[in-house]
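Trainee: Let the sequences and hints guide you as you build the complete structure.
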Amino acid sequence: MCGLRTTFSGFAFARTSATPLEIFDNCEWPGDASAGAVPYCKNQTSLFYIADPAQPKHFQLKDWGWSAFNAFRKSLAALEVRKPTSFDIAYKAGYFAHKFKLHLAPNEKQASATPLLPGDLYTERMIVDYLRSLTQFIMDELNIAIRKDFSMRDVQWCLTTVPAVWDERAKQRMKVFAEKAGMVKGVNCPKNSVPSPRALHIILEPEAASAYCQQQVQQNLKLKVGDRMLIADVSGGTIDVVVHEVLELRPSGCASKVKEVVASYGQIGGGTFVDALFFNLVSEKIGCFSEYCRNANPSLAVQLYSWWQGVKADFKGSEYSEEYSLINCGLSEAWKKHDWLRGVVREDEHYEQLLLTEEDFCRILDPENVSILMVVGGFAASPYLRKRVTTRFRDKVNEIIIPTLPGRAVCRGAVELHMKKNYVKSRISKVTYGTLCWRDAESDDPQHLVLRDDDGRLKCRDVFSVFVRAGEEVEIGNCVEKCFYPTTHYQKVMDLSLYSSPRTHPRYIHELDCKKEGKFEMDMSEDMKLDKSREIKVKMMFGRALVSVSAVRCNFVTKEEKHGLAVTFHCSGP
Numbered sequence: 001m002c003g004l005r006t007t008f009s010g011f012a013f014a015r016t017s018a019t020p021l022e023i024f025d026n027c028e029w030p031g032d033a034s035a036g037a038v039p040y041c042k043n044q045t046s047l048f049y050i051a052d053p054a055q056p057k058h059f060q061l062k063d064w065g066w067s068a069f070n071a072f073r074k075s076l077a078a079l080e081v082r083k084p085t086s087f088d089i090a091y092k093a094g095y096f097a098h099k100f101k102l103h104l105a106p107n108e109k110q111a112s113a114t115p116l117l118p119g120d121l122y123t124e125r126m127i128v129d130y131l132r133s134l135t136q137f138i139m140d141e142l143n144i145a146i147r148k149d150f151s152m153r154d155v156q157w158c159l160t161t162v163p164a165v166w167d168e169r170a171k172q173r174m175k176v177f178a179e180k181a182g183m184v185k186g187v188n189c190p191k192n193s194v195p196s197p198r199a200l201h202i203i204l205e206p207e208a209a210s211a212y213c214q215q216q217v218q219q220n221l222k223l224k225v226g227d228r229m230l231i232a233d234v235s236g237g238t239i240d241v242v243v244h245e246v247l248e249l250r251p252s253g254c255a256s257k258v259k260e261v262v263a264s265y266g267q268i269g270g271g272t273f274v275d276a277l278f279f280n281l282v283s284e285k286i287g288c289f290s291e292y293c294r295n296a297n298p299s300l301a302v303q304l305y306s307w308w309q310g311v312k313a314d315f316k317g318s319e320y321s322e323e324y325s326l327i328n329c330g331l332s333e334a335w336k337k338h339d340w341l342r343g344v345v346r347e348d349e350h351y352e353q354l355l356l357t358e359e360d361f362c363r364i365l366d367p368e369n370v371s372i373l374m375v376v377g378g379f380a381a382s383p384y385l386r387k388r389v390t391t392r393f394r395d396k397v398n399e400i401i402i403p404t405l406p407g408r409a410v411c412r413g414a415v416e417l418h419m420k421k422n423y424v425k426s427r428i429s430k431v432t433y434g435t436l437c438w439r440d441a442e443s444d445d446p447q448h449l450v451l452r453d454d455d456g457r458l459k460c461r462d463v464f465s466v467f468v469r470a471g472e473e474v475e476i477g478n479c480v481e482k483c484f485y486p487t488t489h490y491q492k493v494m495d496l497s498l499y500s501s502p503r504t505h506p507r508y509i510h511e512l513d514c515k516k517e518g519k520f521e522m523d524m525s526e527d528m529k530l531d532k533s534r535e536i537k538v539k540m541m542f543g544r545a546l547v548s549v550s551a552v553r554c555n556f557v558t559k560e561e562k563h564g565l566a567v568t569f570h571c572s573g574p
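For what it's worth, my numbering labels the leading residue of the sequence shown as 1, then goes sequentially.
You may find that some hints are simply not true.
Claimed, not checked - Below are the DMTMM-like pairs computed for lysine to aspartate or glutamate, each with C-alpha atoms no more than 25 angstroms apart in a straight line:
#1 K519 with D454
#2 K532 with D453
#3 K516 with D527
#4 K185 with E168
#5 K259 with E473
#6 K74 with D52
#7 K185 with D167
#8 K515 with D52
Think of the hints as simulated: they come from the structure by calculation, not from any bench.
Mentor: Laid out in structure tokens, this is it:
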């Protein structure tokens, strides 16, 4: 099981033949000690690239994880450019990439905040580079833990990198990225790689967390059929909430089968955005902070970030304050001068340290509008968050479960969930899914969508052909079948464009809030005799982590050719 997450990523594994099931993870990573990191089941989700002197604008991957953080910090300290811009730093010191997974979030405001990347770097490449690096590290570790000749052909990869906030397009892209990283076999897999022949299994993060929590407290957890469990996964970059109703129980008292009660909910948030609030507060306290870091000491922000990670984890919520010395970094004098130019006069001691009071911590960390039953994810380790959750909800729910090590819940829970099989019976569709199609024109169709096909018949284009409606309960593996025909003579390829809409009854793909998720492409050129009468039965599978599509030829296939058409997914947009 491989978990690519926003700020920290890790893995867990188990031998499928072992009884009872024993799950292992890894808490030692290259460079973690040098970075001052405590032993943890995840590595930092970061990459360090350097510009290639021989090829302008080409960046080479230098390191990943904590080693990337160390290399960037060392390179920044040696930078001799006065008042460097972000691109000066990238081309002379190297580019430190982190939190790049957030760029896949569907929120338009978040997408617009995607930073301008230097040279030939882009989000997809960074995700693939990290997955490839993590995969190689995992295989090296498994060669030690299991046997020397252990190879990719022995691995069933499960990927837990799908927060509830993601749309179908982002989830399908992660499958493509896994192929490009050489993890699993597929049309996007590099030719020189030897991937796992087994299909990638995508597992939803909050569902994996639920399995882990139940396993950890099964002796004390008293579930009954009909109970509803709310799981909140508070990670570095997203907050995911899912509500499950217990349908069946195991003898141990854990749920053996559940169904989703309401559509899973997600939003951008978590520890990453707490970090942003921290730096906003620092800029409020020290008006010249951003300018000083940019022009005089670029490495200061990195040093302050490292300090903040430890402080954030220790904050408990009462009678707590912390100080960061500014004497040796040069910021003290710059801050004093900044205030003096604005007519502000304070004692010299005021400028010697950055002081965070209890009130400051509450401004940064106080969570609002949280409703939970189980709380997991790296940020759930915060003593303050745990205290707030317990205080606020202990009178509103029967059980509050926060594991001792909440950061490992998703990775270990994913292994548990994969071995359980069929744990989730059904999910609630968050949106209406359908495909673009043409049909016979109707009297109320907009005139600009009505046209004649190449046989002279009136057709309506850009119709939203619904497969599943928003709010509908969909059983896992539920298959919806529809038949399609070519729209033009001698058509060789059929494209089924997948669209989504928050509305329950969309009619056309151009309606408000309709969104193209991508397209499924099918080659139908082997037999052209029936031309526009060729019938293709499309089966769209819902309820799983990913929407999947298969297609079969109905009336232009020989007895010897019973296999279906090859279906390839193409992402929409950048």
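Trainee: Are the hints correct? Go through all of them and say.
Mentor: Going through the hints against the structure:
no.: 1; hint: K519 with D454; verdict: holds, 24 angstroms
no.: 2; hint: K532 with D453; verdict: holds, 11 angstroms
no.: 3; hint: K516 with D527; verdict: violated, 30 angstroms
no.: 4; hint: K185 with E168; verdict: holds, 21 angstroms
no.: 5; hint: K259 with E473; verdict: holds, 9 angstroms
no.: 6; hint: K74 with D52; verdict: holds, 18 angstroms
no.: 7; hint: K185 with D167; verdict: holds, 24 angstroms
no.: 8; hint: K515 with D52; verdict: violated, 39 angstroms
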